[in-house]
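Here is what each chain is made of, one letter per residue.
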Amino acid sequence: MDDRRISERFRNALDSDPHPGAFERLQRSLDTRAAMPKTRPKIWPATLAGLVAVAVVVALMVPRLLNHSAVPAASGPVVPTRSTFGFTYVETSSAWWVLEHRHTADTILFRSTDQGRHWEAVLSEREEIGFPVPSGSRLTSTDVVLATPGKLLRSADGRHWTEEPLPAGSSTVSFLPDLRQGWILGPPEGFPGAQSTQLSVLHTVDGGRTWSQLPAADAAHSLYVKAGCISPVFFDSRAGFCPNQLLGPVVLIATVRTAWWTTADGGRNWQPSPALATNELLVGMVLNGSRGVAVTATGSLFTGSSVPRRLHVYRTQDSGGHWSNSGLVLEAQYIQLITTDRWVVWTTPNDVIRVTTDGGRSFTTQTLPVPPPAATPSPGVSTVPVGPAGVPGVELKPPGSYGGAFVISLLRFSSSQVGIVDESDALFVPLSHHALLRTTDGGLHWDQVPLPEPPSLSWGALPTP
Amino acid sequence: MSTPSEVWSLRGAKGGDRAAFDELLRPLYARAYRLAFGILHDADEAEDAVQEAAFKAWRKIGNLREGAPLEPWFLAVVGNQCRTIARGRWWSAVRMAEPPVNGSAVAGDHDSGLDLRAALRRLSHRHRLVLVLRYYLDLPFEEIGVVLGLSDRATRSLARRALARLKLALGEEFL
Chain A
1 MDDRRISERF
11 RNALDSDPHP
21 GAFERLQRSL
31 DTRAAMPKTR
41 PKIWPATLAG
51 LVAVAVVVAL
61 MVPRLLNHSA
71 VPAASGPVVP
81 TRSTFGFTYV
91 ETSSAWWVLE
101 HRHTADTILF
111 RSTDQGRHWE
121 AVLSEREEIG
131 FPVPSGSRLT
141 STDVVLATPG
151 KLLRSADGRH
161 WTEEPLPAGS
171 STVSFLPDLR
181 QGWILGPPEG
191 FPGAQSTQLS
201 VLHTVDGGRT
211 WSQLPAADAA
221 HSLYVKAGCI
231 SPVFFDSRAG
241 FCPNQLLGPV
251 VLIATVRTAW
261 WTTADGGRNW
271 QPSPALATNE
281 LLVGMVLNGS
291 RGVAVTATGS
301 LFTGSSVPRR
311 LHVYRTQDSG
321 GHWSNSGLVL
331 EAQYIQLITT
341 DRWVVWTTPN
351 DVIRVTTDGG
361 RSFTTQTLPV
371 PPPAATPSPG
381 VSTVPVGPAG
391 VPGVELKPPG
401 SYGGAFVISL
411 LRFSSSQVGI
421 VDESDALFVP
431 LSHHALLRTT
441 DGGLHWDQVP
451 LPEPPSLSWG
461 ALPTP
Chain B
1 MSTPSEVWSL
11 RGAKGGDRAA
21 FDELLRPLYA
31 RAYRLAFGIL
41 HDADEAEDAV
51 QEAAFKAWRK
61 IGNLREGAPL
71 EPWFLAVVGN
81 QCRTIARGRW
91 WSAVRMAEPP
101 VNGSAVAGDH
111 DSGLDLRAAL
121 RRLSHRHRLV
131 LVLRYYLDLP
141 FEEIGVVLGL
151 SDRATRSLAR
161 RALARLKLAL
171 GEEFL
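Chains as they are written, first to last, in our numbering: chain A, 1 to 465; chain B, 1 to 175.
Looking at chain A on its own, in the form it has when it is part of the complex (with noise of 0.2 Å):
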């Protein structure tokens, strides 16, 4: 088929022209919110050299006068990565990160096992790489199966993967905390004999080796094509819960309702509870013991707003039997629960970071540095001078200048003391790249940590187990 035909298509598909009155609606939000351009300042031939010097000067300069906790050398060039797409940990000290490679739109995932200080690239795809395991959170360092479209990667040791198939175009997976049993949602065209829009669960019980069809009648079929339960998070190999988020048919997102399954034989059997049924979105939840806290939201299901998301606080004191509300409401875009009792609040656009150490009572706010420019000048933008191995030019700001500048994607920390957030120049895209920053005293200060080239960028082959 011809590019001409498939664009008809996508235009019969997808055909649609902005409502009447959108533009002006565009001009008058822009007329509301006060804000100026960023004017990037001049600089002048004669000078450019001097700004070079004094750039490289302080880069090396500053981390000793801010006295910062010791950040290792890089060991090569940063990784002109384009984007990230997963960031997680599985344990305090592990952790895993997704990203792609700006050259040759590979992905490529890194491995950290030293709460972020060192990242190792371990694996290299062509497609997207996505995070199937239920939170990462029963994953160690080592043993984690991955999923790109279309197959499994299972590894045992973080280097040397293996690769099992999937049915085409099949969506999430969820496994047990064993990494053996799991549940995946596939599209109707794999399996014959299925309506056509019909969704199908496929069951495995050897690590998605084998898969075989669930009926209609099984328990975890329902849960999932009818519930809309489809991410499944285990706490052992028995206990788990479900938070449907979805009503279907078709797209519903705006009437969201947050339900409540559990299942206490290892995903067999759900049975649904009435503990924390809200209309409202289900945006974080910790468990400790017997003591736990959930958190919802009203309004966008998204975080890509610049207003904030008012965030509604429940606790429970019955490991998730009873819930009741805080009456504690939050005004930001995102929230992790690290603890009960300490939670990391972002709120844009001014990416301001609290933290509360006391479930709430009490918060401190805390400012993220900006990350120094990339190194990659691209067609269509400014350039900015930089110093050899991207050693940072004359935008180097000292940390606590942030002012929205860079936008933070992704923020994770796996202690009340060690975090790391995922920077981004997201707007500039051609000279987009990512700065990992590290902080190792509870976010109060932040460090830069380098990646590694990864080995070639035609190491795309999977290693021979």
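Don't read these hints as lab results, they were simulated from the structure. It is possible that some hints are incorrect.
[To be verified] To spell it out: a stretch of chain B is covered by chain A in this simulated footprint if at least three of its residues, at any positions, have a beta carbon under 8 Å from a beta carbon of chain A; those stretches are:
1. 26 to 33
2. 49 to 62
3. 132 to 144
[Stated by the list, open to error] Far from chain A, by Cβ distances over 12 Å, these chain B residues were calculated:
4. 3
5. 4
6. 5
7. 7
8. 8
[Said to hold, decoys possible] Just the calculated beta-carbon pair ranges, DEER-fashion:
9. A:365 to B:142: 37 to 47 Å
10. A:143 to B:18: 48 to 58 Å
11. B:17 to A:331: 24 to 34 Å
12. A:143 to B:167: 33 to 43 Å
Just so you know, even glycine gets a beta-carbon here, dropped at the ideal spot from N, CA and C.
Given the structure of chain A, go ahead and fit chain B onto it with the hints provided.
Coordinates of chain B only, in the frame set by chain A:
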């Protein structure tokens, strides 16, 4: 290449002239909206995404080099905004379709484009983005590369993979 009028407006916008910025943005709005709609498949969300992207573009207009084309830059901002929206979902969304009625849903889906939309939703954001830019907005690969921040070779490779993935998701012979 920008026209003298665009260069003039860009200078004004960089200096804080909102009217000049509006003049730059107005001719881009419809395409930006279609890009957002092509990714999000929701008219209200698409309008919100472009609105938010416009605000960010206004804040960052100073980064744009004089004479550089505005459209790929702004489309990149819109694409990133759509991605932020999608990534902000706490859960992985699978949008469920109604069961077919009397076996007529397949043909109806095809005629109305529902099957293509459903197939697009099964793709990653990157695959969806490159396909919408190529086949809905009809951008040449060179411009798509600027939007995506990829080299020309990587852009073509990504588009090929995305099309293959779409074909798998559709399960049809004619795409």
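Hints, verified against the model:
Coverage of the segment 26 to 33 of chain B by chain A holds in this model, with 4 residues showing a Cβ closer than 8 Å to a Cβ of that chain against a need of three. Note: the segment 49 to 62 of chain B has 13 residues with beta-carbon separation from chain A under 8 Å; the three-residue rule is met and the coverage holds. Given as covered by chain A, the segment 132 to 144 of chain B passes the check, having 5 residues with a CB less than 8 Å from a CB of that chain where 3 are the minimum. Even its closest Cβ contact with chain A, about 16 Å, leaves residue 3 (chain B) beyond 12 Å, as expected for a residue assigned away from the interface.
Once the 12 Å rule is applied to beta carbons, residue 4 (chain B) is consistent with being away from chain A; the minimum gap is 18 Å. With 12 Å as the threshold on Cβ separation, the claim that residue 5 (chain B) sits away from chain A holds: the shortest Cβ distance comes to roughly 19 Å. The Cβ of residue 7 (chain B) lies farther than 12 Å from every Cβ of chain A, with a closest approach of about 14 Å, so its non-interface assignment holds. Even its closest Cβ contact with chain A, about 16 Å, leaves residue 8 (chain B) beyond 12 Å, as expected for a residue assigned away from the interface.
For residue 365 (chain A) paired with residue 142 (chain B), a C-beta distance near 45 Å keeps the hint of 37 to 47 Å intact. Checking the proposed 48 to 58 Å range against residue 143 (chain A) and residue 18 (chain B) shows it holds: the Cβ atoms sit about 55 Å from each other. For the pair residue 17 (chain B) and residue 331 (chain A), the supplied restraint of 24 to 34 Å holds, since their beta-carbon distance comes to about 33 Å. Roughly 34 Å separates the CB atoms of residue 143 (chain A) and residue 167 (chain B), a value that falls within the hinted 33 to 43 Å.
Checked against the numbered hints above, the structure breaks none of them.
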